[in-house]
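A.B. asks: Going by the numbering used here, the first residue of the sequence shown is number 1, and it counts up by one from there.
Since the hints were made in silico from the structure, they are not lab data.
Check before you lean on any hint, since a few could be wrong.
[Claimed, not checked] Pairs of lysine to any residue, SDA-like flavour, derived with a Cα cap of 25 Å:
hint: 1; residue 1: Lys35; residue 2: Tyr48
hint: 2; residue 1: Lys35; residue 2: Gly76
hint: 3; residue 1: Lys35; residue 2: Gly24
[Said to hold, decoys possible] Label-pair restraints from in silico Cβ distances:
hint: 4; residue 1: Arg67; residue 2: Val41; range: 26 to 32 Å
hint: 5; residue 1: Ala34; residue 2: Ala126; range: 30 to 36 Å
hint: 6; residue 1: Pro101; residue 2: Pro29; range: 42 to 48 Å
hint: 7; residue 1: Thr2; residue 2: Val41; range: 22 to 28 Å
hint: 8; residue 1: Glu144; residue 2: Pro29; range: 29 to 35 Å
hint: 9; residue 1: Val81; residue 2: Asp145; range: 16 to 22 Å
hint: 10; residue 1: Ala34; residue 2: Ala113; range: 28 to 34 Å
hint: 11; residue 1: Pro5; residue 2: Asp61; range: 21 to 27 Å
Glycine included, C-beta positions come from ideal geometry on N, C-alpha and C.
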Amino acid sequence: MTWEPWGDAHARGQVALAEERLSGLDALPDGLAAKRAAETVETLVGLYGQGLGRITAHLADHPDLLRRLADDELVGHLLLVHDLHPDPVETRLRQALAALPGPPELVELSGTAVRIRVQGGGCGSAQTEQAVRDAVAARAPEIEDVAVESGAADGALIPVDALFRDRTPVGGGAR
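Modelling step: build the complete structure from the supplied sequences, incorporating the hints.
C.D. replies: Printed below as a string of structure tokens:
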């Protein structure tokens with residue numbers, strides 16, 4: 001049988017299917033079988049991680065080849081899972097944020113926590129926050145705590161939230 005490469009869309013589907021099946025192991029009626037299956041998966045993932053580690057070690061003298069592998073969506077994801085990706089977390093975070101509308105600003109990175117500022121707010125801000133969280137998870141899975149804050153766009157004359165505050169007229173009189 002000849003090896004045929006998957007397209008990125010198919011690979012994404014397979015990743016989603018694997019995650020779905022792994023998360024379903026706990027729901028199996030036979031707890032012992034579920035535990036055994038999870039342990040088997042962990043062992044296989046460890047073996048593949050060791051194999052990828054050996055490959056990346058051999059490529060240490062060929063950073064251009066390692067870069068090409070890391071830029072492949074599926075291989076790059078596997079390198080991330082096994083903490084073998086050649087780019088540091090900050091670089092990956094900045095790349096992920098640069099690809100988003102706005103783009104959001106990396107405010108602080110501390111260990112496994114990050115603070116990110118998005119411009120504006122209002123309509124769609126929950127979707128924007130989720131897009132930021134998804135981008136961080138995809139490019140920097142080692143980040144465990146993502147804090148997303150809203151900030152006024154640079155150069156805004158009147159902050160949007162100031163338009164909706166109840167204000168007392170000058171002189172303190174009633175309206």
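A.B. asks: A separate judgement is required for each hint: does it hold in the structure or not?
C.D. replies: Results for each hint:
{"no.": "1", "hint": "Lys35 <-> Tyr48", "in the structure": "holds, 20 Å"}
{"no.": "2", "hint": "Lys35 <-> Gly76", "in the structure": "violated, 29 Å"}
{"no.": "3", "hint": "Lys35 <-> Gly24", "in the structure": "holds, 12 Å"}
{"no.": "4", "hint": "Arg67 <-> Val41: 26 to 32 Å", "in the structure": "holds, 30 Å"}
{"no.": "5", "hint": "Ala34 <-> Ala126: 30 to 36 Å", "in the structure": "holds, 35 Å"}
{"no.": "6", "hint": "Pro101 <-> Pro29: 42 to 48 Å", "in the structure": "holds, 46 Å"}
{"no.": "7", "hint": "Thr2 <-> Val41: 22 to 28 Å", "in the structure": "holds, 27 Å"}
{"no.": "8", "hint": "Glu144 <-> Pro29: 29 to 35 Å", "in the structure": "holds, 32 Å"}
{"no.": "9", "hint": "Val81 <-> Asp145: 16 to 22 Å", "in the structure": "holds, 19 Å"}
{"no.": "10", "hint": "Ala34 <-> Ala113: 28 to 34 Å", "in the structure": "holds, 32 Å"}
{"no.": "11", "hint": "Pro5 <-> Asp61: 21 to 27 Å", "in the structure": "holds, 26 Å"}
When each numbered hint is compared with the structure, a violation occurs for hint 2 only.
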